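K.L.:
Residues per chain are reported as follows:
Number of protein chains: 2
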Amino acid sequence: MSAALPPGPYLVLDAGVCEQAGHDPLDVVDAAAHAGLGVVQLRAKDRDVRALLDLTVAAAGRLTRFVGPPALVVDDRVDVVLAARRRGARVDGVHLGQSDLPAVDARRLLGVGTLIGVSAARDEDVDAALRTGVVDYLGAGPVRATPTKPDAADPIGLDGLAEVARRSTLPVVAIGGLTVEDAEPVRLAGAVGMAVVSAVCAHAAPYAAATELVAAWARARSHAASAS
Amino acid sequence: MSAALPPGPYLVLDAGVCEQAGHDPLDVVDAAAHAGLGVVQLRAKDRDVRALLDLTVAAAGRLTRFVGPPALVVDDRVDVVLAARRRGARVDGVHLGQSDLPAVDARRLLGVGTLIGVSAARDEDVDAALRTGVVDYLGAGPVRATPTKPDAADPIGLDGLAEVARRSTLPVVAIGGLTVEDAEPVRLAGAVGMAVVSAVCAHAAPYAAATELVAAWARARSHAASAS
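Chains as they are written, first to last, in UniProt numbering: chain X, 1 to 228; chain C, 1 to 228.
None of these hints come from the bench; they were simulated from the model.
Be aware that a few hints might be false.
Which copy? The list can't say, so a pair holds if one copy fits it or any two copies do.
The calculated DMTMM-like cross-link candidates involving lysine to aspartate or glutamate, where the alpha carbons are at most 20 Å apart (straight line), are [stated by the list, open to error]:
id	residue 1	residue 2
1	Lys-45	Asp-151
2	Lys-149	Glu-19
3	Lys-45	Asp-27
4	Lys-45	Glu-163
5	Lys-149	Asp-48
6	Lys-45	Asp-123
These numbers were taken from a predicted model, which means no experiment stands behind them.
Next up, chain X with everything else stripped away, as it sits in the complex (with noise of 0.2 Å):
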């Protein structure tokens, strides 16, 4: 592990969901900033690599208004990363699917300091990145279907991500269909972040939802607490 994973709910900015929903994705980006998420992922799968660059540089642009930003993980391109800190922008982190760069690859390349997260629902994805030692997190799901990707696995439910985090012993983002209702379960399932698509991105006011998130975030009961 070489970089903390910021704890609480975690925004999957998808450009082509902002924008279907009437919103320009940087101002999405604001909105997440302004309401304190620890976690900004870029996410651009309606679209080629360029797009995705240039979002990544223009959004690391906006954050650089913000003391305390949201860490920038970028969607499965190492290289976007790479490309996007050559110009000159802050950029945190990679989120790498199963069929992406093998984790011990992008740290190779991105070097300590860098925010590495790896999507695992079976237990041998789990068990695959903690061998590898350069993980930094997990991303379990999805939790539930989800219109935004829809080509994913069967969801593993709120006992599936149980399951990931008790297996696990790096922190746990649950991601998948989930809502600023789910805060809870999903704390007391054992993941210490939470991932959202929809919920802000395509929601008509995306800074009242990211701000509804961290507070139902801040008040849920954890699993943590509830075991001691």
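Given the coordinates of chain X, work out where chain C should sit on it, guided by the hints.
P.N.:
Chain C alone, transformed into the frame defined by chain X:
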């Protein structure tokens, strides 16, 4: 420009096309090297980036047994080139489509001495590539429609190829549905290289096909010779 394109036949080794024809892609790498091809570009559009990375490392391993091996180029992915190099593989370059990472960013990440090619069919693609000052060669096409890239743009024909070659101050490699019969018309159109996929990968005898391509290219009249 920072690396020189080896002229002549240029193999685009598509892993899926090789396997459909019953060939291990690594055996086709060997065949290309034995036949004296100047460039082998690795492509695996039907599989994930991990497979492309593994193929790249394995192909580079095969080529260590040759003196003066073909230049090894990876399709699309700058991060695969970087990761393969970190694994100790010798990778010579990358070929970028119009929706891949911009050449300027690729050059910053890959450094001088890396061969960078860009696909260019329209006048504006050619001009944009020339303006960057960091591109080593252009891939012009598709000259003809091709089953190995069904999503490709409309064919530009040999006339379109000649137009790109006239416009470009960089070396031009023709691509798209080309066979051994095209060596002379392609050279007369002003291209210094000819990329093939199926003509080698899907041939029953890849080594024989590659050898015949090298011979046909060598005996074909060229634009330079016919102009002098």
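K.L.:
For each hint, tell me whether it holds in the structure or not.
P.N.:
Hints versus structure:
| no. | hint | verdict |
| --- | --- | --- |
| 1 | Lys-45 / Asp-151 | both (12 Å within a copy, 18 Å between copies) |
| 2 | Lys-149 / Glu-19 | within (16 Å within a copy, 30 Å between copies) |
| 3 | Lys-45 / Asp-27 | within (19 Å within a copy, 34 Å between copies) |
| 4 | Lys-45 / Glu-163 | neither (29 Å within a copy, 35 Å between copies) |
| 5 | Lys-149 / Asp-48 | both (17 Å within a copy, 17 Å between copies) |
| 6 | Lys-45 / Asp-123 | neither (26 Å within a copy, 29 Å between copies) |
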